[in-house]
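K.L.:
Given the coordinates of chain A, assemble chain D onto it according to the supplied hints.
What follows is the residue order along each chain.
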Amino acid sequence: MTAPHPGDGLGDTPRLDTGPPGAPAGGTGPAPRPGAGGGDLTVPVSEPGPVAGAEPGPDGWLRLHPRAVLLATLVTAGVAAGAGFPVLLGLAGAGWAGHGSGRLLGLALLPAGFALAVASGAVAGRVRWNRTRYRIGPERAELHSGILLVKRRSLARERIRTVDLVAPPLLRVLGLVKVRIGTGEHTGGGESTLELMPVGRAEGERLRALLLDRDRGPAPAGHPDGTLAALDPRWIRYAPVSFLAPVLGGAAAGGVMQVSEWFGAQSEVIDWVGERFRDTPVLWMVLALAAIALLTGVVGALGLWVEMWWNYRLDREPGGTLRVRRGLFTARSLSLEERRLRGVELVEPLGARLCGAARVDAVATGIAEDDEDKHADHKTLLPVAPRAVADQVAARVLREAVPPTGALLTAHPPAARARRVRWALGAALIPVAVLALLGALLTDVLLYVAGGCAVVLVPVALLLARDGYRSLGHGLTGDYLVVRHGSVRRSTVALRREGVIGWVVKQSWFQRRAGLVTLTATTAAGSGAYHAFDAGTGEGLEFAAGAVPGLLEPFLEPGPGAGTSG
Amino acid sequence: MTTTGGDAVRLRPPNNRLDGRAVRWWRTQWLLVFLGPVAVLAVLGALIAPARSWLLPPAGALAVLGAAGTVLFPRWWYGFHRWEVTEDAVYVRTGWLWQEWRIAPMSRIQTVDTVRGPLQQAFGLATVTVTTASARGAVRIAGLDHGLAADLAERLTRITRDTPGDAT
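Protein chains in written order, with the working numbering: chain A, 41 to 606; chain D, 380 to 547.
Keep in mind that the hints were calculated from the coordinates and are not lab data. Just to be clear, a hint being listed does not mean it is correct.
To be verified - Here are the simulated EDC-like cross-link-like pairs (lysine to aspartate or glutamate), alpha carbons at most 20 Å apart as the crow flies:
1) A:Lys546 to D:Asp541
2) A:Lys191 to A:Asp253
3) A:Lys546 to A:Asp507
4) A:Lys218 to A:Glu347
5) A:Lys546 to A:Glu582
6) A:Lys546 to D:Glu463
Stated by the list, open to error - From the structure, some residues in chain D lie toward chain A, with a derived Cβ separation under 8 Å:
7) Ala387
8) Val388
9) Asn395
10) Gly399
11) Gly448
12) Arg461
13) Trp477
14) Trp480
15) Met485
16) Thr510
17) Ala512
18) Ser513
As the list claims (entries may be wrong) - Under 10 Å between C-beta atoms, here's a sample of chain A residues computed to sit facing chain D:
19) Ser232
20) Ile541
21) Val545
22) Arg552
23) Thr563
24) Gly568
25) Leu596
Keep in mind the model is a prediction, meaning the values are calculated, not measured. For glycine and all other residues, C-beta sits at the position ideal for the given N, C-alpha and C.
Isolated chain A, as found in the complex (with noise of 0.2 Å):
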């Protein structure tokens, strides 16, 4: 594998607002560049205007990357070895078995088999290279795709909002990208995306200066571009402690489990198991077997936040950029424009807040969210981190002078406070009802686990109650509306005012009993919309109506109370 040094990442090419953009990547791949490229890798364009350089192909239409049908080949190969490679053992076991002649055939038949799969995947992978051809021209970025069937997609420029940069280990060795353009529109399912795999590296940075660089107003003064958060290592802390290391220890454990039964050695995997705790007693074997799940979760955690995050930073780039690149093996450059940006969010997973930490995801438009390959890191700006990082990071993101998250919110009436009390208890008792009355009709034992868990669940689901309640706030700063909620995920979203596009005043009858009313303020951006759950009738309303002058004023009138019988 390449070696990580800080340099290695996606987007070292020189900057194409200062230099040429075909300029070779100068040696970040280990792979040597070829000269015969087909010209489209070495287009001189000496400025990102608006025209790609004519000079590959008529009209202006490119090609992707020669060394697609390589790595077609590359990936066909490794394909039919995975598939390939239990067979194999198959037959060799059944050889030990003793079936000689269609042992031999068997193993006579599987290279060529797998020869045959990998020039299949080569000859494919050369006609969809010949097939596939795309264009970026002055009103339209164009995609002709497809083996069998002519696939056309076009993109209007000027809604294109993202252009990403992926490059798995396989297209980095080969010096390759992934590049996805998109308008982050939601309507029209897929079709809102072009994707170009593979293209060259420096290609790959040429399409994206040159599609996301327009309209560069004079950027308001005080936030000069540049690097607004970079990586510290000692971020790292905060890994083991996010909900990935049980998920990730459970999984391991499985995963050993199913790996043992194809082989058809799970019963000898636990006789072994046993074997190691033979002397000692159940509980401390659990905890133990516990422990050691855990623990490799927690390794599953840090390897994956290195990989995730290794070489993170976000800059802010001329043109009113978010540029977010990070990544040890697969790097990627996500881009969100300045303007799409509606607010952040603040995000404090249960562990992370213990600790003192926070994640800040972007509140954008146009990022798509049912993204099947990486949806929810598109919109994080900055790993889990302290939480002044945070906050600064989120103030500078928003160019504001202080963070908007870190404002003092209203809290919310006590008797939300009751709700979420009865909520808690009614969760936590009716588990222990259940194993009760099943422990009343059949046995006994049920009665002691019934004990049990109300022990532990009661004080625990309490617990999670008056944290939620703390949590809950809500209250205007500057242009910001902030609204906050959640134990076990704290989420503090600071939404820009002029975003909210409409209000949603619920209440349930039980609310109305108590003066609450949940406000949902209605935008753009991330999810959609964004709650104070279960504030103050009147004080909520007035909250909502100062949020967006103008828009709820005319429908309120003065009340006697909170409760309004239909």
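P.N.:
Chain D only, in chain A's frame:
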């Protein structure tokens, strides 16, 4: 009913009621929803003699529930559902147990749709749906007279077109 008094403001009801035929429309919907299961249970009960005691009581209970809902709920809903369109916003109040007020400013409206399902057509009704750029901010006015709905949609479209802004 206890209230915490002293709230300075509350949301006023929107000006307009739905069309009176909406009550009948809702009633038909309820009837259809309940008729299916009740009919299935009753037919099975009539055909399968041994299971009769297991099938007919639920059928009866469902029938009673459905009838009560059919009589009561639409009337309550009709009392609560209201709508209003001003120069600046669309304002709708819906629900009954779970009450909901939705406000969409005119400047942020992206599309105005009129939909008429088969039942609505039978009653001469229509639904106007106003969507904004938010996936969760749509405002629906269900149960308008279809002529009124068409006029309203046209008026909303005109106002929206004349309002500057990119609606996000």
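K.L.:
Taking the hints in turn, state whether each one holds.
P.N.:
Hints and how they fare:
1. Using a Cα cut-off of 20 Å, the hinted pair Lys546 of chain A and Asp541 of chain D is violated, with the two alpha carbons roughly 31 Å apart.
2. Our distance criterion of 20 Å between C-alpha atoms is broken by Lys191 of chain A and Asp253 of chain A, whose separation comes to about 27 Å.
3. The straight-line distance between the Cα atoms of Lys546 of chain A and Asp507 of chain A is roughly 23 Å, outside the 20 Å bound, and the hint therefore fails.
4. Between Lys218 of chain A and Glu347 of chain A the alpha-carbon distance is near 18 Å, which keeps this suggested pair within the 20 Å criterion.
5. For the proposed pair Lys546 of chain A and Glu582 of chain A, the alpha carbon gap of about 15 Å is at most 20 Å, so the pair holds.
6. With a C-alpha separation of about 18 Å, the suggested pairing of Lys546 of chain A with Glu463 of chain D holds against the 20 Å cut-off.
7. A hinted interface residue such as Ala387 of chain D counts as satisfied when its beta carbon comes closer than 8 Å to some beta carbon of chain A; here the least separation is about 5 Å, so the hint holds.
8. The beta carbon of Val388 of chain D comes within 5 Å of a beta carbon in chain A, closer than 8 Å, and the hint placing it at the interface holds.
9. With its C-beta approaching chain A no nearer than about 13 Å, Asn395 of chain D sits outside the 8 Å limit, and its interface hint is violated.
10. Interface hint at Gly399 of chain D: violated, since its Cβ lies 18 Å from the closest Cβ of chain A, which is beyond the 8 Å cut-off.
11. Interface restraint check: Gly448 of chain D against chain A, minimum CB-CB distance 16 Å, threshold 8 Å, status violated.
12. For Arg461 of chain D, the interface hint is violated, the least distance from its beta-carbon to any beta-carbon of chain A being 10 Å, above 8 Å.
13. With a cut of 8 Å, the hint placing Trp477 of chain D at the interface with chain A holds, because the nearest CB-to-CB distance is about 5 Å.
14. Annotation: interface hint on Trp480 of chain D holds; nearest CB of chain A at approximately 4 Å, less than 8 Å.
15. Evaluation of the Met485 of chain D hint against chain A yields a violated restraint, the C-beta minimum of about 10 Å exceeding 8 Å.
16. Hint on Thr510 of chain D is violated. Least Cβ distance to chain A is approximately 10 Å, over the 8 Å limit.
17. The restraint placing Ala512 of chain D at the interface with chain A holds, with a minimum CB-CB distance near 3 Å, inside the 8 Å limit.
18. Because the closest C-beta pair between Ser513 of chain D and chain A is about 4 Å apart, less than 8 Å, the hint holds.
19. This hint is violated: Ser232 of chain A has a C-beta 14 Å from the nearest C-beta of chain D, more than the 10 Å allowed.
20. At about 4 Å, the closest approach between the beta carbon of Ile541 of chain A and any beta carbon in chain D falls short of 10 Å, and the interface hint on this residue holds.
21. At about 4 Å, the closest approach between the beta carbon of Val545 of chain A and any beta carbon in chain D falls short of 10 Å, and the interface hint on this residue holds.
22. The closest approach between the C-beta of Arg552 of chain A and any C-beta of chain D is roughly 7 Å, which is under the 10 Å cut-off, so the hint is satisfied.
23. Residue-level restraint check for Thr563 of chain A holds (minimum Cβ-Cβ distance to chain D is 5 Å; threshold 10 Å).
24. The closest approach between the C-beta of Gly568 of chain A and any C-beta of chain D is roughly 4 Å, which is under the 10 Å cut-off, so the hint is satisfied.
25. A distance limit of 10 Å between C-beta atoms decides the matter here; for Leu596 of chain A the minimum to chain D is near 5 Å, and the interface restraint holds.
When held up to the earlier numbered hints, the structure conflicts with 1, 2, 3, 9, 10, 11, 12, 15, 16 and 19 and fits the remainder.
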